[in-house]
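Chains as they are written, first to last, in this note's numbering: chain L, 3 to 297; chain V, 3 to 297; chain H, 3 to 297; chain R, 3 to 297.
Warning: the hint list may mix true and false statements.
Only pairs whose alpha carbons sit at most 27 Å apart, straight line, appear in this in silico DSSO-like list of lysine-lysine [as the list claims (entries may be wrong)]:
1) V:K78 to V:K90
2) L:K78 to L:K90
3) H:K119 to H:K90
4) L:K252 to H:K252
5) H:K176 to H:K90
6) R:K252 to V:K252
Keep in mind the hints are simulated off the structure, nothing from the lab.
There are 4 protein chains.
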Amino acid sequence: MSGTSLDALNAMTAADFVAALGAIYEHSPWVAEAVVARRPFASLAALHEAMSDTVRAAGDARQRALLVAHPDLAGKAARAGTLTADSKLEQGSAGLDRLNDDEFDTIHRLNGAYAVKFGFPFIVCVRRHGKDSIFRQLERRLGNDPAQEFATALDEVVRIGALRLDAHVRAPDKLPVQGRLSTHVLDTQAGRPAQGVAFELHELSAHGEGRLVARGATNADGRTDTPPIAGRPVPIATYELRFAIGAYFKARGVALADPPFLDIVPLRFAIAEPEGHYHVPLVATPWSFSTYRGS
Amino acid sequence: MSGTSLDALNAMTAADFVAALGAIYEHSPWVAEAVVARRPFASLAALHEAMSDTVRAAGDARQRALLVAHPDLAGKAARAGTLTADSKLEQGSAGLDRLNDDEFDTIHRLNGAYAVKFGFPFIVCVRRHGKDSIFRQLERRLGNDPAQEFATALDEVVRIGALRLDAHVRAPDKLPVQGRLSTHVLDTQAGRPAQGVAFELHELSAHGEGRLVARGATNADGRTDTPPIAGRPVPIATYELRFAIGAYFKARGVALADPPFLDIVPLRFAIAEPEGHYHVPLVATPWSFSTYRGS
Amino acid sequence: MSGTSLDALNAMTAADFVAALGAIYEHSPWVAEAVVARRPFASLAALHEAMSDTVRAAGDARQRALLVAHPDLAGKAARAGTLTADSKLEQGSAGLDRLNDDEFDTIHRLNGAYAVKFGFPFIVCVRRHGKDSIFRQLERRLGNDPAQEFATALDEVVRIGALRLDAHVRAPDKLPVQGRLSTHVLDTQAGRPAQGVAFELHELSAHGEGRLVARGATNADGRTDTPPIAGRPVPIATYELRFAIGAYFKARGVALADPPFLDIVPLRFAIAEPEGHYHVPLVATPWSFSTYRGS
Amino acid sequence: MSGTSLDALNAMTAADFVAALGAIYEHSPWVAEAVVARRPFASLAALHEAMSDTVRAAGDARQRALLVAHPDLAGKAARAGTLTADSKLEQGSAGLDRLNDDEFDTIHRLNGAYAVKFGFPFIVCVRRHGKDSIFRQLERRLGNDPAQEFATALDEVVRIGALRLDAHVRAPDKLPVQGRLSTHVLDTQAGRPAQGVAFELHELSAHGEGRLVARGATNADGRTDTPPIAGRPVPIATYELRFAIGAYFKARGVALADPPFLDIVPLRFAIAEPEGHYHVPLVATPWSFSTYRGS
Numbered sequence: 003m004s005g006t007s008l009d010a011l012n013a014m015t016a017a018d019f020v021a022a023l024g025a026i027y028e029h030s031p032w033v034a035e036a037v038v039a040r041r042p043f044a045s046l047a048a049l050h051e052a053m054s055d056t057v058r059a060a061g062d063a064r065q066r067a068l069l070v071a072h073p074d075l076a077g078k079a080a081r082a083g084t085l086t087a088d089s090k091l092e093q094g095s096a097g098l099d100r101l102n103d104d105e106f107d108t109i110h111r112l113n114g115a116y117a118v119k120f121g122f123p124f125i126v127c128v129r130r131h132g133k134d135s136i137f138r139q140l141e142r143r144l145g146n147d148p149a150q151e152f153a154t155a156l157d158e159v160v161r162i163g164a165l166r167l168d169a170h171v172r173a174p175d176k177l178p179v180q181g182r183l184s185t186h187v188l189d190t191q192a193g194r195p196a197q198g199v200a201f202e203l204h205e206l207s208a209h210g211e212g213r214l215v216a217r218g219a220t221n222a223d224g225r226t227d228t229p230p231i232a233g234r235p236v237p238i239a240t241y242e243l244r245f246a247i248g249a250y251f252k253a254r255g256v257a258l259a260d261p262p263f264l265d266i267v268p269l270r271f272a273i274a275e276p277e278g279h280y281h282v283p284l285v286a287t288p289w290s291f292s293t294y295r296g297s
Numbered sequence: 003m004s005g006t007s008l009d010a011l012n013a014m015t016a017a018d019f020v021a022a023l024g025a026i027y028e029h030s031p032w033v034a035e036a037v038v039a040r041r042p043f044a045s046l047a048a049l050h051e052a053m054s055d056t057v058r059a060a061g062d063a064r065q066r067a068l069l070v071a072h073p074d075l076a077g078k079a080a081r082a083g084t085l086t087a088d089s090k091l092e093q094g095s096a097g098l099d100r101l102n103d104d105e106f107d108t109i110h111r112l113n114g115a116y117a118v119k120f121g122f123p124f125i126v127c128v129r130r131h132g133k134d135s136i137f138r139q140l141e142r143r144l145g146n147d148p149a150q151e152f153a154t155a156l157d158e159v160v161r162i163g164a165l166r167l168d169a170h171v172r173a174p175d176k177l178p179v180q181g182r183l184s185t186h187v188l189d190t191q192a193g194r195p196a197q198g199v200a201f202e203l204h205e206l207s208a209h210g211e212g213r214l215v216a217r218g219a220t221n222a223d224g225r226t227d228t229p230p231i232a233g234r235p236v237p238i239a240t241y242e243l244r245f246a247i248g249a250y251f252k253a254r255g256v257a258l259a260d261p262p263f264l265d266i267v268p269l270r271f272a273i274a275e276p277e278g279h280y281h282v283p284l285v286a287t288p289w290s291f292s293t294y295r296g297s
Numbered sequence: 003m004s005g006t007s008l009d010a011l012n013a014m015t016a017a018d019f020v021a022a023l024g025a026i027y028e029h030s031p032w033v034a035e036a037v038v039a040r041r042p043f044a045s046l047a048a049l050h051e052a053m054s055d056t057v058r059a060a061g062d063a064r065q066r067a068l069l070v071a072h073p074d075l076a077g078k079a080a081r082a083g084t085l086t087a088d089s090k091l092e093q094g095s096a097g098l099d100r101l102n103d104d105e106f107d108t109i110h111r112l113n114g115a116y117a118v119k120f121g122f123p124f125i126v127c128v129r130r131h132g133k134d135s136i137f138r139q140l141e142r143r144l145g146n147d148p149a150q151e152f153a154t155a156l157d158e159v160v161r162i163g164a165l166r167l168d169a170h171v172r173a174p175d176k177l178p179v180q181g182r183l184s185t186h187v188l189d190t191q192a193g194r195p196a197q198g199v200a201f202e203l204h205e206l207s208a209h210g211e212g213r214l215v216a217r218g219a220t221n222a223d224g225r226t227d228t229p230p231i232a233g234r235p236v237p238i239a240t241y242e243l244r245f246a247i248g249a250y251f252k253a254r255g256v257a258l259a260d261p262p263f264l265d266i267v268p269l270r271f272a273i274a275e276p277e278g279h280y281h282v283p284l285v286a287t288p289w290s291f292s293t294y295r296g297s
Numbered sequence: 003m004s005g006t007s008l009d010a011l012n013a014m015t016a017a018d019f020v021a022a023l024g025a026i027y028e029h030s031p032w033v034a035e036a037v038v039a040r041r042p043f044a045s046l047a048a049l050h051e052a053m054s055d056t057v058r059a060a061g062d063a064r065q066r067a068l069l070v071a072h073p074d075l076a077g078k079a080a081r082a083g084t085l086t087a088d089s090k091l092e093q094g095s096a097g098l099d100r101l102n103d104d105e106f107d108t109i110h111r112l113n114g115a116y117a118v119k120f121g122f123p124f125i126v127c128v129r130r131h132g133k134d135s136i137f138r139q140l141e142r143r144l145g146n147d148p149a150q151e152f153a154t155a156l157d158e159v160v161r162i163g164a165l166r167l168d169a170h171v172r173a174p175d176k177l178p179v180q181g182r183l184s185t186h187v188l189d190t191q192a193g194r195p196a197q198g199v200a201f202e203l204h205e206l207s208a209h210g211e212g213r214l215v216a217r218g219a220t221n222a223d224g225r226t227d228t229p230p231i232a233g234r235p236v237p238i239a240t241y242e243l244r245f246a247i248g249a250y251f252k253a254r255g256v257a258l259a260d261p262p263f264l265d266i267v268p269l270r271f272a273i274a275e276p277e278g279h280y281h282v283p284l285v286a287t288p289w290s291f292s293t294y295r296g297s
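Given these sequences and hints, build the entire structure.
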């Protein structure tokens, strides 16, 4: 299904169209079927709007069936290997395939409480959240009243649909589902971009170990050849960018204290808008540094 | 022995003087005996100079005996509880009384190699070093040649002596053995000192867990009522000062992202001069921060 | 009159007391007379309160007479040399004795309009204002209604009285009439206070030339031996602190561009609270600098 | 002559080629004539190299004649209006057409001394220098010995030729003669780019008034739609970028002091490499700001 063009979708048979987009909404090809006749779509945005409007207008029974069609997060389907291809990738993106026992027990317990209270599984657009944020969402949403939570769950289903469309359909336009996290290292001792600074980006977790998201070294412009996170939502999470600034200055022949005052410099920050553009620069000397949310 | 005044030391009998200062140099009351007749001492610095000159002029045999009189770091004496009172406090200050098994095995092996090579135990002024730095010193000094290392060990003995004198003798002057680590939090969103910011100071370790050195909250001037480290050497180590800046801004009613861009801000830095004055401020808004080595 | 102690004021004859404090309120010894019998005063604050309460309770006629007793700012009395000693010093402090022709014409015109509207001369506690601020005050207050302005003028009279008391009476307590402007230069290329940085403090003016308020060089701690402004109100004005940071780095042997990227660094800021404590540091390398309102 | 394409130059008659490029070297069409036969030129760089090689290989007599063919800076030709079109634009670019009497006298005196010492007029690539820098160059180069200065003058002639070629010939490649000065304003109180900040760029002068180089306001990304200086060398000079940050924060509804602590913020810096890329950002809150040489 990956990489079908919008033009091809507009031109293919109805059956092929439904085959191509039937999985955008989990186990619910009726959404694709409902929009076949509205072709051609002038843009990916128009296609997404048609499909999401179909979901939002479907009435309580079909909507509830759509919600129920979703698997538990980190649940039996994940362990049994019976997730849809999209769900498997999505759950893996947030590290839900690598929970420790405590985390697994917690999510199992919360999922159970959620299902009892609302009658459908907890659904969240996991690509927009780090692991801790998913737990936090689950805890918060358990406190919602049923009508509120039904609406929230549908919103998440539409968000999942938008990301799946964006991943699977090639079109001149893009859906506004991608964020970016970039960085830049300035050496204000020498008044130039800092080239060759090794860095790592870690997603932190309050419950256990964090995980390495990206690593690399700055280029001649003090930037990274590709942003540490781009072309996808930046998951809501706490991060640390860690820069090996001591090794950089040492390699440049700068006389440093032993041990150097600054060696690995961590910048800790959190992302709240997965579709936002976050620029987190490091402006450093061997004795000082600063950062800010840039653009 | 604690808290004897310099005046009292100048006035007491020779026997009492030796009893008072006999432990300044480990199991070596002959150092105190040698300076009894030079009383009165005009200052603590003069007393220290007289005692350390005695050590440095004592000749190879007595010096070697002085070195041999020292206990192994984290060695049998520590486990058997037979350390001198000063040694016990000193070894505890660096966390050598809380080594994990790997660390204990490593130091035991290195101590052994050191003793075989040099004929005396590894001596270091532990109050000037964090745990990692002690391991690093031991590894480095194992590479010295015997003459070099003999001199280095004596230097450390004299440093230990200076700190013991500084701790046990009250005098108008102070020996230059104390450093200071202070901090200050400025809120540049409001243009005022940040009051009530909770902070922790951790000593980090590459080999295992770090340890909490100090904690507290900033006062009305954005400072701490007492510096996180003062009145003693600042151990050579890597530290993190962690500031709960998110909670501070939230308490002031500032609208923040959810989660806030900055919540706990860690400042990671290393100390290289235990007798230095290190000022590590945090200048912050909800969206930016900077630090530098101040004074 | 300068430097009389509070004790002496409490002990002297009524006539001497009135002679000593008769000029605290311009040409109005009746204020001092009214408080003679309330002696002894426990503090300077109590004395100030007694005198200012007398003014505030004096009734419209005496209050109006007190206002009328004040000279025009930069007016005929100033040119004729008939100002009271205090008024002369005060007007000189704000540079009102060095107005250019345009400024003189403007203030003469505004003073005239003010007197016509309110029936008393424009009174402002000039030690709390730079030259531009005095013009701004005059323009703003011309827009007040008579009752409002009568109250404002009395407030200024009391402020003048407080500063005169603070200057002329020695007492264990101080009135809260003094602010402070301090600075500090940190060299974050070398990680130490910047010693020997020449600086100038200028009060800027939108209407003409500014004037030099203070100059000097930083000491070993990167600070100034005395704050550029202390022991008096910091006049409401726009200032520039200018630091010769290029010469400093050159003297330290740092290789610089030709011309250096940073040579004279101006920090421009304004003071709004004359009794506040303003700390305006410069944190600099040859290629970067920052400042903030510190404390 | 402006805007001829390299292709056209390669294809035209020899006479037209010389007519088109005869003025690249002042009053010296022989340089163009010498390279006619080497056509076609694959790039603007190849054309420039051929012409500059011709100059450098021309021998002392022709080179001296080339130098002598240049007009005095701010000299009689300028006043008489007999400058070549290129020279007129170049001298105007540095403000040499707006000298005050003192400056005119100084340059006239120095030009005279220079001509007496070296036998040709002072030549400098004025587009690479601000007015003060031209005076400084003239003073410095007066101290050179004749051989050194002859070489320096030829270098300047070649720089002038490169800039004239770059301005007059359209080609796929560009000569490395253009620098850039850009800026960016970040609001770290709100954590976003500062939009709508009015700014001015002034070239300062030690000898008299500076001059306004550019003005505008920041766009939605906190940048300027076009860099304040681009597409040309950045003249060697001291500059001030002045930002109306007080008005910006006021317009955003931020409560400020009266007057605001920061209103117009000047960033003063100097350019030393006209072909360099200088990025000078302002990172600001109402109570703090910082800048650095970025990239």
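Cross-check of the supplied hints:
Between V:K78 and V:K90, the direct Cα distance comes to roughly 12 Å. Compliance with the 27 Å bound is thereby established for this hinted pair. Between the alpha carbons of L:K78 and L:K90 the distance comes to roughly 12 Å, so the proposed pair stays at or under 27 Å and holds. With a C-alpha separation of about 26 Å, the suggested pair H:K119 and H:K90 falls inside the 27 Å cut-off, and the hint holds. A threshold of 27 Å between alpha carbons decides the hint, and for L:K252 with H:K252 the separation of about 23 Å falls inside it, so the pair holds.
Between H:K176 and H:K90 the alpha-carbon distance is near 23 Å, which keeps this suggested pair within the 27 Å criterion. Only pairs whose Cα atoms come within 27 Å are accepted, and R:K252 paired with V:K252 is accepted, the gap being roughly 23 Å.
Checked against the numbered hints listed earlier, the structure breaks none of them; every hint is satisfied.
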